[in-house]
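Participant: In case you want the letters, here they are:
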Amino acid sequence: AQTVTQSQPEMSVQEAETVTLSCTYDTSENNYYLFWYKQPPSRQMILVIRQEAYKQQNATENRFSVNFQKAAKSFSLKISDSQLGDTAMYFCAFMKLPDDTGKLIFGQGTTLQVKP
Amino acid sequence: KAGVTQTPRYLIKTRGQQVTLSCSPISGHRSVSWYQQTPGQGLQFLFEYFSETQRNKGNFPGRFSGRQFSNSRSEMNVSTLELGDSALYLCASSLYPHYGYTFGSGTRLTVV
Chain A
900 AQTVTQSQPE MSVQEAETVT LSCTYDTSEN NYYLFWYKQP PSRQMILVIR
950 QEAYKQQNAT ENRFSVNFQK AAKSFSLKIS DSQLGDTAMY FCAFMKLPDD
1000 TGKLIFGQGT TLQVKP
Chain B
11 KAGVTQTPRY LIKTRGQQVT LSCSPISGHR SVSWYQQTPG QGLQFLFEYF
61 SETQRNKGNF PGRFSGRQFS NSRSEMNVST LELGDSALYL CASSLYPHYG
111 YTFGSGTRLT VV
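Chain order of the listed sequences is A and B. Numbering-wise, the first sequence is residues 900 to 1015 according to the working numbering. Numbering-wise, the second sequence is residues 11 to 122 according to the working numbering.
If you're looking for bench data, these hints aren't it; they were derived computationally from the structure. All C-beta atoms, glycine included, are put in the ideal place defined by N, C-alpha and C. There could be a bad hint or two in this list.
What the hints assert, rightly or not - Pairs of lysine-lysine residues, derived as DSSO-like cross-links and limited to a Cα-Cα distance of at most 27 Å, are as follows:
#1 B/23 <-> A/995
#2 A/972 <-> B/67
#3 A/954 <-> A/977
#4 A/1014 <-> A/995
#5 A/995 <-> A/972
#6 A/972 <-> A/1014
What the hints assert, rightly or not - Pairwise CB distance ranges, derived in the manner of DEER restraints:
#7 A/907 <-> B/48: 45 to 53 Å
#8 B/96 <-> A/941: 17 to 25 Å
#9 B/93 <-> A/973: 22 to 30 Å
#10 B/69 <-> A/984: 33 to 41 Å
#11 A/1007 <-> B/17: 22 to 30 Å
#12 A/919 <-> B/24: 39 to 47 Å
#13 A/1007 <-> B/90: 39 to 47 Å
#14 A/959 <-> B/40: 27 to 35 Å
#15 A/1012 <-> B/122: 19 to 27 Å
#16 A/973 <-> B/106: 20 to 28 Å
#17 B/24 <-> A/979: 47 to 55 Å
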């Protein structure tokens, strides 16, 4: 069974600085996708970034980028130029395709506070 | 473009009762997944539907069931409610699952 581990329950960062959230996962599969989701106090989960396991190039979305290390099974999220609106809980998630379509396996989450 | 809509937003039920939660996916999305979120267990997958068929199911007792209609709208039902069923229930939909899922704001269920 696949597992996802986020070892940092809470983190804080000053506005405009850079922060990295860690995520490791365990799988014997080769075809899978990794995601970072953000859940602000409004509770709606928002997709931040996605990574295909077969792509070596790290995904980027504006201020958000990942460091995907497939051999180490590591998938960290870097947030540059942190903004107050980035304050939220961040979840790392894994999905195996095609067998487990729709079944996201989430880590326990990291609460990020951006301080002014 | 409307997002994923879940109703109701909040619900209070008594132990032993049953409850039905509703989810309207984004128009055109045929894959709908349900998750239970609790402080202790985190986010846990319940089930996924595609074209009215359940394709995947998580490790939940048979009291938890779901269905999907021909218009892709989905419902989940919990029978014989227990105090431990108190949680935020999230629905998510996708056109192409490998692109990720869009989540609704959830239904907060409290069992008393």
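Participant: None of the hints should be skipped; say for each whether it holds.
Facilitator: Checked hints:
A threshold of 27 Å between alpha carbons decides the hint, and for residue 23 of chain B with residue 995 of chain A the separation of about 35 Å lies outside it, so the pair is violated. Between residue 972 of chain A and residue 67 of chain B, the direct Cα distance comes to roughly 25 Å. Compliance with the 27 Å bound is thereby established for this hinted pair. Using a Cα cut-off of 27 Å, the hinted pair residue 954 of chain A and residue 977 of chain A holds, with the two alpha carbons roughly 18 Å apart. For the proposed pair residue 1014 of chain A and residue 995 of chain A, the alpha carbon gap of about 36 Å is over 27 Å, so the pair is violated.
Of the pairs offered as hints, the one joining residue 995 of chain A and residue 972 of chain A holds, with about 14 Å between alpha carbons and a cut-off of 27 Å not exceeded. Proposed proximity of residue 972 of chain A and residue 1014 of chain A is contradicted: the alpha carbons are some 31 Å apart, above 27 Å. Checking the proposed 45 to 53 Å range against residue 907 of chain A and residue 48 of chain B shows it is violated: the Cβ atoms sit about 20 Å from each other. About 20 Å separates the C-beta atoms of residue 96 of chain B and residue 941 of chain A, a value consistent with the hinted range of 17 to 25 Å.
Hint check: residue 93 of chain B to residue 973 of chain A, Cβ distance near 38 Å, so the stated range 22 to 30 Å is violated. Taken as a hint, the range 33 to 41 Å holds for the pair residue 69 of chain B and residue 984 of chain A, whose Cβ atoms sit roughly 35 Å apart. For the pair residue 1007 of chain A and residue 17 of chain B, the beta carbons lie near 28 Å from each other, so the given range of 22 to 30 Å is met. The given range of 39 to 47 Å is respected by residue 919 of chain A and residue 24 of chain B, whose C-beta atoms sit roughly 46 Å from each other.
A hinted range of 39 to 47 Å is violated for the C-beta pair residue 1007 of chain A and residue 90 of chain B, which are about 29 Å apart. Range check, residue 959 of chain A to residue 40 of chain B: Cβ separation about 29 Å, and the 27 to 35 Å hint holds. As the Cβ distance of residue 1012 of chain A to residue 122 of chain B is approximately 32 Å, the hint placing it in 19 to 27 Å is violated. Checking the proposed 20 to 28 Å range against residue 973 of chain A and residue 106 of chain B shows it holds: the Cβ atoms sit about 26 Å from each other.
At roughly 49 Å, the beta-carbon separation of residue 24 of chain B and residue 979 of chain A lies within the given 47 to 55 Å, and the hint holds.
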